[in-house]
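Sequence order for the protein chains is A and B.
Its first residue numbered 1260, the first sequence is counted upward by one per residue in the numbering used here.
Its first residue numbered 1260, the second sequence is counted upward by one per residue in the numbering used here.
Derived by calculation from the structure, the hints in this document are not laboratory data.
Put simply, identical chains are the same to the list, so a pair is met inside one copy or across any two.
Using 25 Å as the maximum straight-line C-alpha spacing, the simulated PhoX-like pairs for lysine-lysine come out as follows:
1) K1616 <-> K1646
2) K1336 <-> K1599
3) K1263 <-> K1382
4) K1336 <-> K1605
5) K1311 <-> K1599
6) K1646 <-> K1618
7) K1261 <-> K1397
All values reported here derive from a predicted model rather than from experimental measurement.
Here are the chains, one letter per residue:
There are 2 protein chains.
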Amino acid sequence: MKLKGFSFSAVEAGIRYAGRLDLGLVYSDIPCVTAGVFTTNQVKAAPVLIDKERLKGGYAQAILVNSGCANACTGEKGMEAARVTSAILSMSLNIPETMIQLASTGVIGEQLNVAAFERSIPKLVEGLSPDNFELVAKAIMTTDTVQKIAQKTVNIGDKEIKLIGMAKGAGMIMPNMATMLAFVITDARIIFPELHKSLAHGVARTFNRITIDGDTSTNDMVLVMANGAAENRWIDGDSAGDRKVFQDALEEVLMDLALQIVSDGEGATKAITVRVCGAKEEDQAERIARTVANSSLVKTAFFGEDANWGRIMAAMGRSGVKFSPDRVDIAFGDAVLVKKGLGLGKEAEQAATQVLKEKNFTVSIDLNDGKADAEVYTCDFSIDYVKINADYRS
Amino acid sequence: MKLKGFSFSAVEAGIRYAGRLDLGLVYSDIPCVTAGVFTTNQVKAAPVLIDKERLKGGYAQAILVNSGCANACTGEKGMEAARVTSAILSMSLNIPETMIQLASTGVIGEQLNVAAFERSIPKLVEGLSPDNFELVAKAIMTTDTVQKIAQKTVNIGDKEIKLIGMAKGAGMIMPNMATMLAFVITDARIIFPELHKSLAHGVARTFNRITIDGDTSTNDMVLVMANGAAENRWIDGDSAGDRKVFQDALEEVLMDLALQIVSDGEGATKAITVRVCGAKEEDQAERIARTVANSSLVKTAFFGEDANWGRIMAAMGRSGVKFSPDRVDIAFGDAVLVKKGLGLGKEAEQAATQVLKEKNFTVSIDLNDGKADAEVYTCDFSIDYVKINADYRS
Chain A
1260 MKLKGFSFSA
1270 VEAGIRYAGR
1280 LDLGLVYSDI
1290 PCVTAGVFTT
1300 NQVKAAPVLI
1310 DKERLKGGYA
1320 QAILVNSGCA
1330 NACTGEKGME
1340 AARVTSAILS
1350 MSLNIPETMI
1360 QLASTGVIGE
1370 QLNVAAFERS
1380 IPKLVEGLSP
1390 DNFELVAKAI
1400 MTTDTVQKIA
1410 QKTVNIGDKE
1420 IKLIGMAKGA
1430 GMIMPNMATM
1440 LAFVITDARI
1450 IFPELHKSLA
1460 HGVARTFNRI
1470 TIDGDTSTND
1480 MVLVMANGAA
1490 ENRWIDGDSA
1500 GDRKVFQDAL
1510 EEVLMDLALQ
1520 IVSDGEGATK
1530 AITVRVCGAK
1540 EEDQAERIAR
1550 TVANSSLVKT
1560 AFFGEDANWG
1570 RIMAAMGRSG
1580 VKFSPDRVDI
1590 AFGDAVLVKK
1600 GLGLGKEAEQ
1610 AATQVLKEKN
1620 FTVSIDLNDG
1630 KADAEVYTCD
1640 FSIDYVKINA
1650 DYRS
Chain B
1260 MKLKGFSFSA
1270 VEAGIRYAGR
1280 LDLGLVYSDI
1290 PCVTAGVFTT
1300 NQVKAAPVLI
1310 DKERLKGGYA
1320 QAILVNSGCA
1330 NACTGEKGME
1340 AARVTSAILS
1350 MSLNIPETMI
1360 QLASTGVIGE
1370 QLNVAAFERS
1380 IPKLVEGLSP
1390 DNFELVAKAI
1400 MTTDTVQKIA
1410 QKTVNIGDKE
1420 IKLIGMAKGA
1430 GMIMPNMATM
1440 LAFVITDARI
1450 IFPELHKSLA
1460 HGVARTFNRI
1470 TIDGDTSTND
1480 MVLVMANGAA
1490 ENRWIDGDSA
1500 GDRKVFQDAL
1510 EEVLMDLALQ
1520 IVSDGEGATK
1530 AITVRVCGAK
1540 EEDQAERIAR
1550 TVANSSLVKT
1560 AFFGEDANWG
1570 RIMAAMGRSG
1580 VKFSPDRVDI
1590 AFGDAVLVKK
1600 GLGLGKEAEQ
1610 AATQVLKEKN
1620 FTVSIDLNDG
1630 KADAEVYTCD
1640 FSIDYVKINA
1650 DYRS
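Okay, chain A solo, but in the shape it has when bound (with noise of 0.2 Å):
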């Protein structure tokens, strides 16, 4: 994947081991209209704390993201340490310091290798070509099995406008918490305001609507650089159906990314969308699934291929949210078996566990009682997923 005006490099820089891609950069040889969407979690990453600073300003020109240590909870000396590795990247590339946006997975609590990083931007700068794409993608990867890149392209007016992006998933190479990064670039020409609008319009529907133990980063953060290379007309606060256009297809990036990540979650063997419609409210339907989502009854049924609906049950019934058990229906894909809050008995559970055999599948659930919906998007709950989380450091 290339896209105008963008260069990519990736080094074995050697943060933590060594042998692995672990330092990436993105850059753009212009400032980008830049926004980003960063953990809610009170304790933040380092990197986290300095992006949102900088963002202020709506703009960046380049991202330095490495894997292996997450700079979270190592206090002023990792925000120092932080600063230190924007500095000399920006003596590298000529740019100012506030032009650059810094993402770390990795380990909490150890403090960054500022030395590692001094040995390699020189070579990560020298490595810049638009073909590196690919590698950078593999460079944020950790426990990912696959690495995750999308794209989109659309037109606004008589201009063709291109979206890629790339994310890292549900484990590190020390999976420490189930850290997400994603990265998408445009060409699309687009004012700030518009462009947070349609980010965090985006992420609400995808990134944050995917669950893959519960738990939440330190360090999650979804960045989007625009250059406006193509062109178009500008999108801004007069041009509602363009923006739409351009919010539509970074939804449609985000969540491609967003299902990679929860296919690739750690341990999973299934992908599986929890979808609650009949809901007085989309909020209600929202809590209900993702309280579904991430019951790890529910979650090892789905691994043991078992269609204990009772699970679900349990799990709708101390979400918090009013409803009527009596009125619920459950169907595995289409295989139908809770109706009115009942089982609909052994053959139409032997249907629903053939649903359960598939490697991706619909749970959906209807209240009954209204008519706003929501889906959230989740995984199994393997032996792996113990083992992987379990055997950290050793």
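Assemble chain B onto chain A, guided by the hints.
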């Protein structure tokens, strides 16, 4: 264990499987002042709905408890089935139906095997004996690996009163939900409002502070029956001192049972106390402790004996409680490994790792922001947890 005026029985009723004690009876010669605390899950099993209604009278004389079927999500048919079982027992014991409390644990969504009750209740009643307390404690076991009983004796004035209790924990023949049942009987003479207050207070500090996997069952209940056989001076609204003595004794029995449940959690290898102190308010301390104790990432790290305090900080950060990360101290047992939000390095971590090798330990989190504290009790998250919950019904 014995208690004057009470008798017990358990049989193999074949409710789901043959050759397994699955039906138990606790019987008092006279009506007992009885209080109950029930699941807060919106989806409530039939016995829970019936018991709550009956306990408005404040008296009960028997508890009929079965495993193998939860009688939850079974609609009006399930309610009727439960009523039939208590009608049969009522005739057999010659007591009013309203004097019977029902409890069930097992698969959700399947109808109760009423024929098995019909067949077995005569034998169950016939088998009543003051010596069979442990037999009932065994009949309510399912995937529990040990029976859970506790007792306490205290003096009220010149009379000795006794409390004995049994519980079943986070596992069933086919683990469906982490149903918790606990029954405590006592010879104390106490009026209903005082008994209820004591129970509610005790449950809030014991059963409601343990967590295996964050799921809440449709069937959870804790009952306490007091027959007054100790002939102590009445514990009533005017005897705050005596109430305190009784309440503390009850809390001790409940805590003993609750900790036995945690230690025997599905697949658990360790029992862990998460203690949060230095909070502004107790409920804030509890929310932080509960979020940490429920985190799959924290619990897998405990299983892996990894002193991964970063996961603890991250869980705290998503608890919804405001705190200053840079004031947080964390210790495992006596080994302090975080001071003012920063790790103390390799040596401290090695000492903390030694603590994690123990079967029981405390994680202490000091927010250094107030005087309130709270404890939550949990277990680690092992490979066997997933196996147990995935292999259900196979």
